[in-house]
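The task is simple: from the sequences and hints, build the whole structure.
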Amino acid sequence: MKSMIWTIGISLLLIVGYYLGRSYYLKPGLVQGQKAFEFVDKLGDGTSFSLADLKGRYVLLDFWGTWCGPCLQSHPALVELYKQFHGKAFKDGSDFEMVSVAVENNDRSWQRIIQQDQLNWPYHLVALNLFNSPIVKAYGVKQLPTTFLINPQGVIIGVDLPMHQIVKLLHSKLKEPLDGKND
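Straight run, no breaks: the sequence shown in my numbering ends on number 245.
Do not rely on the hints blindly, as some may be mistaken.
Said to hold, decoys possible - Cut-off 30 Å, straight-line C-alpha distance, at most; resulting in silico cross-link-like pairs (DSSO-like, lysine-lysine):
1) LYS235 with LYS150
2) LYS204 with LYS153
3) LYS64 with LYS150
4) LYS235 with LYS153
5) LYS117 with LYS64
6) LYS145 with LYS235
7) LYS204 with LYS230
8) LYS145 with LYS204
9) LYS237 with LYS97
10) LYS64 with LYS153
11) LYS235 with LYS97
12) LYS199 with LYS117
To be verified - Now the in silico label distances, taken between C-beta atoms and shown as ranges:
13) GLY149 with LEU190: 28 to 34 Å
14) LYS97 with ASN168: 30 to 36 Å
15) GLU100 with GLY131: 14 to 20 Å
16) ASN194 with GLU238: 43 to 49 Å
17) SER65 with PRO224: 42 to 48 Å
18) SER65 with GLN146: 41 to 47 Å
19) ASP115 with GLN177: 22 to 28 Å
20) SER171 with LYS204: 17 to 23 Å
21) MET225 with LYS153: 17 to 23 Å
22) VAL141 with LYS117: 20 to 26 Å
23) PHE193 with VAL102: 17 to 23 Å
Calculated from the structure, these hints are not laboratory results.
All residues carry an ideal CB built from backbone N, CA and C; glycine is no exception.
Structural data, given as structure tokens:
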């Protein structure tokens, strides 16, 4: 009886330890309140892009992969978010932009998914070498999808927020409420 209690106790301890360790390990390296890492990279069309060019705007930085089912499932909500807030005036005079970073092992399929899923914002990058890519390492991304909501001052104001929270937060910052709503 005593050995069974010990076995159950050790098993529970291992299970709890596994889940605590896993959740700690999978947390992104950058957190809310930190300055977003500024990077320069090439867009899909080969032009140079710098995150600093988007200072003064709210930015949703989305790390995703063509091989990631939850990432692909999130695309319709991201498309809707972009339609809802891009080009709208915010109280502080800013606007909203999205930057997608495809975390890939090769440079082939991500552009096809962008077109197929109608990800029509202009800022798409690819981070080759999967999680060993410099931008992925700089943000401490360890799982996909991972999102960072960045304010106009370049400070991270949300990490992996549920879509309804992103919408609520952005809606509260709008100069004119959408559809006559006041939150």
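Okay, the hints, checked on the actual structure:
1. LYS235 with LYS150: holds, 10 Å
2. LYS204 with LYS153: violated, 34 Å
3. LYS64 with LYS150: violated, 66 Å
4. LYS235 with LYS153: holds, 6 Å
5. LYS117 with LYS64: Since the Cα atoms of LYS117 and LYS64 sit roughly 63 Å apart, the hinted pair is violated (cutoff 30 Å).
6. LYS145 with LYS235: This hinted pair holds, its Cα atoms lying about 16 Å apart.
7. LYS204 with LYS230: Holds - the C-alpha atoms of LYS230 and LYS204 are around 26 Å apart, at most 30 Å.
8. LYS145 with LYS204: holds, 28 Å
9. LYS237 with LYS97: holds, 25 Å
10. LYS64 with LYS153: violated, 65 Å
11. LYS235 with LYS97: holds, 20 Å
12. LYS199 with LYS117: This hinted pair holds, its Cα atoms lying about 22 Å apart.
13. GLY149 with LEU190: 28 to 34 Å: About 32 Å separates the Cβ atoms of GLY149 and LEU190, which means 28 to 34 Å holds.
14. LYS97 with ASN168: 30 to 36 Å: holds, 32 Å
15. GLU100 with GLY131: 14 to 20 Å: violated, 31 Å
16. ASN194 with GLU238: 43 to 49 Å: Holds: the Cβ-Cβ distance is about 44 Å, inside 43 to 49 Å.
17. SER65 with PRO224: 42 to 48 Å: holds, 44 Å
18. SER65 with GLN146: 41 to 47 Å: Violated, since SER65 and GLN146 (Cβ atoms, about 59 Å apart) do not stay within the stated range.
19. ASP115 with GLN177: 22 to 28 Å: Because 24 Å falls inside the window, the suggested range holds.
20. SER171 with LYS204: 17 to 23 Å: Holds, since SER171 and LYS204 (Cβ atoms, about 22 Å apart) stay within the stated range.
21. MET225 with LYS153: 17 to 23 Å: holds, 22 Å
22. VAL141 with LYS117: 20 to 26 Å: Because 25 Å falls inside the window, the suggested range holds.
23. PHE193 with VAL102: 17 to 23 Å: Since PHE193 and VAL102 have Cβ atoms about 20 Å apart, the given range 17 to 23 Å holds.
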